[in-house]
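K.L.:
Here are the chains, one letter per residue:
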Amino acid sequence: MHATANASRKVSCKPSRLSRHISSALRVRRRALPLSAALLGTLLSAGVAQADISDDTVKIGYLADMSGTYRDLAGPGGLDALKMAVEDFGGSVNGKPIEVLSADDRNSADVGANTVRGWIDQQNIDMVGGLVASSVSIAVTRILAEQDTLGIVSGSAASSITNEHCTPNHIHWVYDTYPLANGTAKAIVDEGGDSWFLLTADYAFGHALEGDVEKVVTENGGTIVGKIRHPFPTSDFSSYILQAQGSGAKIVGLANAGSDTVNALTTASQFGLVQSGQSLAGLLIFLNDVHALGLNVAQGLQLTTGWYWDLNEETRAWSQRYYERNERMPTMVQAGIYSSTLHYLNAVAATDSDDTATVRAKMGETPVNDMFAKNGIIRADGRMVHDMYLVKVKSPSESTGEWDVYDVIRTIPGQEAYRPLADSQCALVKGQG
Amino acid sequence: MTMIFGIPLMVLFGQLMLGLINGAFYALLSLGLAVIFGLLRIINFAHGAQYMLGAFAALLGAQYLGLNYWAALILVPLVVGALGIVVERLLLRRIQHLDHLYGLLLTFGLALIFEGTLVNLFGVSGSSYPIPEALSGGFKLGFMFLPTYRAWVLVAALVVCFAVWFLIERTRLGAYLRAGTENPELVQAFGINVPLMVSLTYGLGVALAAFAGVLAAPLYPVSPTMGSNLLIVVFAVVVIGGMGSILGAILTGLAMGVIEGLTKVFYPEAANTVIFVVMVMVLMLRPAGLFGKEA
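Residue numbers (the working numbering), protein chains in the order written: chain H, 917 to 1349; chain Z, 44 to 338.
Don't take every hint at face value.
Stated by the list, open to error - Just some of the chain Z residues that point at chain H, by a computed CB distance under 7 Å: (1) Gly57; (2) Pro190; (3) Ala194; (4) Asn315.
To be verified - Computed footprint of chain Z on chain H; a stretch qualifies when at least three of its residues, placed anywhere within it, have a C-beta under 8 Å from a C-beta of chain Z: (5) 982–989; (6) 1171–1179; (7) 1197–1211; (8) 1257–1267.
If you are wondering where the hints come from, they were derived from the structure by calculation, not from laboratory data.
All C-beta atoms, glycine included, are put in the ideal place defined by N, C-alpha and C.
With the hints as constraints, model all of the structure from the sequences given.
P.N.:
Encoded structure:
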């Protein structure tokens, strides 16, 4: 895998640098174009809006893990959600066709970055969506900022994406580690779960989540009695679960994701962790994880999610359409991809432009109101702030079907859920509060 | 309470027990690999995928055919083993006279095809397989709560390991097998059908992987990638034990399970690495492995 990535980088190195120069030169001209066009327009007093959709196509690139660990939370289903948005929009913007490209980043920042460079250099792409593994998203958004192209991150967890890694060119749509810790950990401490033992995946995302959770727990009067950093990925958690049982903590918090969380929960249920008086807190759990665990194992678990298919009439109607195409209910990430693409296309249509700054400004001005979010606001740091949901996994007897798995306990208002701008490290908003 | 290196003795007992259970599992998987390599000189990179197929067959059998756990434990190894025989007859046989590397590439390619197909059909999240009624619950051992199913895995894996060792090292059939790999022409001259024995041996190795898969199904989520995560560790076990040594694979499997288990207590960050550290040391000091015969 590494060999291929290296080879392709070698091959593409020279021409890509050259073409980047050319394309950035062209881009300057392209950006100057609306100005001169507007000037000309005023001079002629024609009063007709000048179309500025580059090469008469709106090109959207979908980059995600299509075959690895994170496939089921975004993957091919996310691509279909994006296509649904394009179809619902009518397949064209103001008469200009919409084209969708897609690629598998194989969870490698290298592969992702090279793909996006290629899209920008050779395809003149207008927006990159999907973006799942946090490492890939951070690498890609850096390139998007350099090359002045828009990115919408839907799958990643790291809150740093709109904190120290913020750029004017990308938006983080669905969730991040801040509301996950804030929502789940705070609710549990408030209910009396004040001593915690943390199982953390030993890499950047796990450390970030661990830090956020520790902060929330201690700030609310709880204590961290122990923690273990386990290798990523781990299949056998029995040893760690036994250590957690020995710790005497009331809550065993899982600062990991995907198969690690699923394995830890399965093992905990086999070792009778809950029966011996402890509770589990999963901090990042997707619908597909709960589905994989089964309700017997997952029941009673509290978690925070950005969206759920069974919230209201609107979400149910959209999810039903999605289900008919994909034979699975959509995750919050897949729904977010639909919502963000639609919001983007609306902004392109309203401004009749695919210029990054113009579209980004329009997206920021317009509240997000669709089946995914109500009155969602895109802040200057790129964070799309919307309500989050604290949910509890149903027991098998409460569930009426394969995908009927959550009870919504509390709606967490967006303003309360996400990191306040006053605490932001983002250079775009620092000091503005 | 007695403490060892700051860890209460009771906790250590629990961890040793878990290490032994994981070790028995490693032993079962490396045994299949060792049988295939020791007797056929094929580096079976599809072993992880065949283990995964075992787990999947149990899951799908339960979902679509109502196959219960005990039936799956017997039928699934037979079915997956038969698939192994087909692979041996159609593909591996054609390259048996070539370098080991070709067998490795062929089986690796097969593993990717099996995995990719199942990822496409079922996704990567996997599904859970219920623990059979008779084996649910657990014992309180004083130092830990031991789930009955894990105790069963330990017993079943050790019994099967012993049976396979006995079959190959102590029976007439095993003697034919070993002779057949030493000198196929001569053994054939005695009227023994060597190609058939080669097919059956590969089938046996694959069946062992599938058996391990069925044992694992209630423990871990059944997903198409479950095998590839495990395969590298199991290969390391076989290398440490000495490629092709059957007893070596079993004993090393148990030992590595325990070493890994202790690492998870003292320095969890290194839990995935410790087996490879041992492998490096063994290769430097005893390149043929702890129980290997050839230099």
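K.L.:
All hints, please: hold or fail.
P.N.:
Do the hints match the structure? See the list:
With a least beta-carbon distance of about 5 Å to chain H, the hint placing Gly57 (chain Z) at the interface is held under the 7 Å criterion. Here the hint on Pro190 (chain Z) is kept, as its CB sits about 5 Å from the closest CB of chain H, short of 7 Å. Proximity of Ala194 (chain Z) to chain H is violated relative to the hint, the smallest CB-CB distance being about 12 Å (cut-off 7 Å). Look at Asn315 (chain Z): its Cβ gets to within about 4 Å of chain H, closer than 7 Å, so that hint holds up.
Using a Cβ-Cβ cut-off of 8 Å, 5 residues of the segment 982–989 of chain H lie near chain Z, which meets the minimum of three, so the contact claim holds. Residue count for the segment 1171–1179 of chain H with a Cβ under 8 Å from a Cβ of chain Z: 3. That meets the three needed, and the coverage hint holds. Under a criterion of three residues with beta carbons nearer than 8 Å to beta carbons of chain Z, the stated coverage of the segment 1197–1211 of chain H is upheld, 6 such residues being counted. For the segment 1257–1267 of chain H, the stated coverage by chain Z is not satisfied: 0 residues place a CB nearer than 8 Å to a CB of that chain, which falls below the threshold of 3.
In summary, the numbered hints that this structure violates are 3 and 8.
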